[in-house]
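From first to last, the protein sequence lines are chains A and B.
In terms of UniProt numbering, the first sequence opens at residue 1 and continues consecutively.
In terms of UniProt numbering, the second sequence opens at residue 1 and continues consecutively.
Simulated from the structure, these hints should not be mistaken for laboratory data.
One thing to keep in mind: the hints can contain errors.
One copy or two, either will do: identical chains are not told apart, so a pair holds if it fits within one copy or between any two.
[Said to hold, decoys possible] In silico SDA-like pairs for lysine to any residue, Cα to Cα no more than 25 Å straight-line: (1) LYS123 - ALA110; (2) LYS55 - LEU14; (3) LYS55 - ALA11; (4) LYS123 - CYS77; (5) LYS55 - HIS95; (6) LYS55 - GLY108; (7) LYS123 - ASP80; (8) LYS123 - GLY79.
These figures come from a predicted structure and were not determined experimentally.
There are 2 protein chains.
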Amino acid sequence: MNWIDEVVFDADGLVPAIAQDWQSGRILMVAWMNRESLLETAQTGRAVYWSRSRKRLWRKGEESGNTQRVCSLRLDCDGDVILLTVEQQGGVACHTGRESCFFRELTGDASARQWQITDEVLKDPESMYK
Amino acid sequence: MNWIDEVVFDADGLVPAIAQDWQSGRILMVAWMNRESLLETAQTGRAVYWSRSRKRLWRKGEESGNTQRVCSLRLDCDGDVILLTVEQQGGVACHTGRESCFFRELTGDASARQWQITDEVLKDPESMYK
Numbered sequence: 001m002n003w004i005d006e007v008v009f010d011a012d013g014l015v016p017a018i019a020q021d022w023q024s025g026r027i028l029m030v031a032w033m034n035r036e037s038l039l040e041t042a043q044t045g046r047a048v049y050w051s052r053s054r055k056r057l058w059r060k061g062e063e064s065g066n067t068q069r070v071c072s073l074r075l076d077c078d079g080d081v082i083l084l085t086v087e088q089q090g091g092v093a094c095h096t097g098r099e100s101c102f103f104r105e106l107t108g109d110a111s112a113r114q115w116q117i118t119d120e121v122l123k124d125p126e127s128m129y130k
Numbered sequence: 001m002n003w004i005d006e007v008v009f010d011a012d013g014l015v016p017a018i019a020q021d022w023q024s025g026r027i028l029m030v031a032w033m034n035r036e037s038l039l040e041t042a043q044t045g046r047a048v049y050w051s052r053s054r055k056r057l058w059r060k061g062e063e064s065g066n067t068q069r070v071c072s073l074r075l076d077c078d079g080d081v082i083l084l085t086v087e088q089q090g091g092v093a094c095h096t097g098r099e100s101c102f103f104r105e106l107t108g109d110a111s112a113r114q115w116q117i118t119d120e121v122l123k124d125p126e127s128m129y130k
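Here chain A stands alone, though its shape is the one from the complex:
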């Protein structure tokens, strides 16, 4: 069987794709891929996602310059999640200008839980999307 046919896309033709920093192991972001974006990712070695909001291929970094070089591609046991390890150009994956989209951590006890911001902004988002 062709490798792409082992991937189980959902009813919308998508799978979640997790981008993990190849060196630190930090999770940078989660986006979606359709068949076309996964094929292009494998062919070019650059992460290409499917933008659900813009309904088109999203070549990560096409606007911001923060491209992702793909080091490895993994598939989970059910075949419905992709894991990429990537080298993140510019050190910023998040549109807020932070390294990772997961910049909020749950803190506090049951009576006072909150999502606390743990990461600083490394790049001004205004300067990233001109």
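Dock chain B against the given chain A, drawing on the hints supplied.
Below, chain B without anything else, positioned relative to chain A:
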């Protein structure tokens, strides 16, 4: 705003939840959470998911014993993905008896790509689900 109300559940009331080993940084699995499972996870410090196939709460390890102690909970910038770092009891997260569900890696060049199994089975699945 209450922390749980900052989580953006999809039309089915679910968010993807990524479990990452707190020590190695390895991605162990991806499952789904609804509001109830996320609340119970935060309250108990044990990972609780929503099983889409069984349509009920899935207290990870309830059958296999391979529970996950939660070290941290993170939320992404859009509020629609949860990242857990966990201590995986038994060292096995996958129902196949492997450490991680992401035990297949894409190898080979364009003419001969395949998902190659990179991880060994650590526990007999038969013995895990009695």
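Status of each hint after checking the structure:
For a Cα distance limit of 25 Å, the shortest separation of LYS123 from ALA110 qualifies neither inside one copy, at 34 Å, nor across copies, at 36 Å. When the C-alpha separation of LYS55 and LEU14 is checked against a cutoff of 25 Å, the pair qualifies both within a copy, at 12 Å, and between copies, at 21 Å. For a Cα distance limit of 25 Å, the shortest separation of LYS55 from ALA11 qualifies both inside one copy, at 15 Å, and across copies, at 18 Å. For the homomeric pair LYS123 and CYS77, the shortest alpha-carbon distance between copies (15 Å) is at most 25 Å, but the shortest distance inside one copy (37 Å) is not.
For a Cα distance limit of 25 Å, the shortest separation of LYS55 from HIS95 inside one copy, 18 Å, qualifies, whereas the shortest one across copies, 34 Å, does not. Neither within a single protomer nor between protomers do LYS55 and GLY108 lie at most 25 Å apart by alpha-carbon distance, with minima of 38 Å and 31 Å respectively. Taking the shortest alpha-carbon separations for LYS123 and ASP80, only the inter-copy value of 23 Å comes in at or below 25 Å, while the best intra-copy value is 33 Å. Taking CA atoms no more than 25 Å apart as the test, LYS123 paired with GLY79 passes between copies only; the shortest distance there is 21 Å, against 35 Å inside one copy.
This entry does not satisfy hints 1 and 6, going by the numbered hints stated previously.
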